[in-house]
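Here the protein sequences come in this chain order: S and C.
If you read the first sequence in my numbering, its first letter stands for residue 41, the second for the next number, and so on.
If you read the second sequence in my numbering, its first letter stands for residue 115, the second for the next number, and so on.
There's no promise every hint is true.
As the list claims (entries may be wrong) - Only part of the chain C face toward chain S is listed, based on derived beta-carbon distances under 10 Å:
1. Leu225
2. Val263
3. Arg268
Stated by the list, open to error - Not close to chain S: a few residues of chain C, all C-beta gaps over 10 Å, as computed:
4. Asp259
5. Asn262
6. Arg265
7. Val266
8. Lys277
9. Ile278
10. Pro281
11. Ala282
Quick caveat, the hints were computed from the structure, so don't treat them as lab data.
The beta-carbon is built from N, C-alpha and C at its ideal position, and this holds for glycine as well.
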Amino acid sequence: MMDVYVDLSQLGKIFPTPKGPLCVVKDFNLKIREGQFVCLIGHSGCGKSTVLAMLAGLQDVSEGVLVLAGREVNDPGPDRGVVFQSPCLLPWFSVLKNVLLGVEQVCPDKTNAQREAIARHYLELVGLGDDLHKMPRELSQGMCQRVGIARAFALNPKMLLLDEPFGMLDSITRVQLQQELVQLWESDRKTVLMVTHDVDEAVFLADRVVMMTQGPASRVGRVLNIDLPRPRHREAVLDQPRFYELRGQLIEFLETQNCAPREEPPRQEPAAICALPQSARQI
Amino acid sequence: MFGFLCVLGLWQISCHTWAQNLPTPAKTWEMSRLYITDPFAKRGEMDQGILRFTWNSLVLVTKGYLIALLIGTPLGFILGSSRGFAKTFDPLIQMLKPISPLAWLPLGLVLFQKTTPSAIFTIAICSMWPTVLNTAIGVRNVPQDYLNVGRVLRFSRKKMLFKILLPAALPYMFTGYRLSLGIAWLVIVAAEMLTGAPGIGGFLWQEYNSLIYEHIILSIITIGLIGFLLDWMMQAVERRMGAALS
């Protein structure tokens with residue numbers, strides 16, 4: 041019997057719109073084991089970010105139940121470290137202070153020096169040891185996102201929620217950060233749910249890739265186990281034929297989703313719902 | 115500079131054509147010299163150097179302005195963060211906003227019986243509204259992303275206010291503060307005219323009654339210059355604030 045750490049059962053999200061209620065996600069079932077890295081993939085607007093936002097507690101659950109480590113989730117909290125698509129650093133605080141803010145919330149009993157040591161440690165892990173006292177506006181987007189990742193890891197959360205964390209980065213920085221994330225994760229083995237629409241990214245990072253069907257009322261379409269060995273290094277992974285097999289299966293699924301006849305006429309992209317401001321990368 | 119020369123020329127021409135009562139620029143300078151060259155002199159209650167008058171007025175304005183900020187900022191915060199509150203009080207504020215200082219002053223006199231507090235009251239109540247409205251807009255426009263950071267970290271209300279809402283709304287608030295200061299300075303003249311306080315506005319009104327028209331022009335120019343300086347100062351602060359937070 042597999043011990044379930046995160047349990048999403050019969051999850052649904054309905055948004056009220058001027059044209060009547062819009063069901064974005066319906067009957068979404070997913071179980072995640074502790075220490076597993078799961079990627080959620082699907083077309084833009086299919087509701088993957090909505091699932092993540094519900095797990096983060098930033099959006100209310102319309103139907104179903106969300107359980108994390110035996111506790112029902114219905115509000116946000118620092119036991120789930122969230123990395124947003126845009127880094128969301130507070131521009132009036134230094135890099136260190138941005139990370140420290142979170143550490144202060146989760147370790148109120150520690151001394152200031154201890155908390156600062158934690159924040160420094162994670163910032164050094166993402167390669168920002170020399171930029172502790174810079175302000176966010178002095179950093180590139182990639183560096184900002186590194187701070188965002190450090191902030192989430194420094195909380196020592198039960199699980200990490202990554203909402204297309206590399207979506208707004210250029211491809212070189214993205215590849216770099218993927219490698220750093222994999223290393224950071226392999227040393228820490230937190231439970232991760234990451235939303236992405238980049239097939240390569242999903243296969244490279246995840247233990248399991250969960251594919252969502254085309255919305256509205258989207259749910260889990262297929263789950264693919266990624267049996268690539270760890271630790272993973274980008275060059276080594278790209279040399280394996282298995283990588284391309286898995287990648288092919290993913291793309292095949294996504295393509296069938298794209299062409300599948302829909303039950304309802306195409307709807308307007310609810311931009312506010314899925315928050316995908318950047319032009320969606322076509323896979 | 116050319117603009118000033120044009121006005122000076124027009125002024126000179128006007129004195130000799132349609133406005134016979136208007137003192138010429140040269141005459142104005144002649145009569146005002148004492149007040150400008152010895153700006154801090156005190157020869158009598160209503161006969162002081164121009165900067166001394168200005169200082170008196172500035173003290174009064176500062177008092178009223180600070181009261182406006184102290185009341186207006188929290189009011190703006192409440193208005194910005196509570197939709198229900200905004201719906202209830204927005205019409206009221208829109209109604210209070212256009213009331214002239216000349217209308218408030220008599221009410222202040224009734225309420226406080228004395229001239230100085232009623233002048234301060236008038237300045238405060240007239241200059242409060244830009245602060246209230248801009249603070250409310252600032253709070254309403256705090257990006258959801260920043261609020262989410264606070265929610266994920268489960269900030270207390272106090273932390274949310276001081277670590278996120280306040281810094282995020284600060285640039286808007288400072289725009290409000292600048293506009294409020296402009297209005298406070300605008301109101302001082304009206305307030306002093308009616309109360310006869312020894313400030314720049316009181317001086318202006320007294321010299322009108324004493325038929326020394328040169329000093330009216332001196333006062334007007336001083337008021338304009340000081341207003342310009344105040345705005346310039348606030349703009350500098352505002353710009354630095356904006357640069358630090360963007």
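Check: Looking at the structure, which of the earlier hints fail to hold?
Finding: Going through the list in order, the structure violates hints 1, 4, 5, 6, 7, 8, 9, 10, 11 and respects the others.
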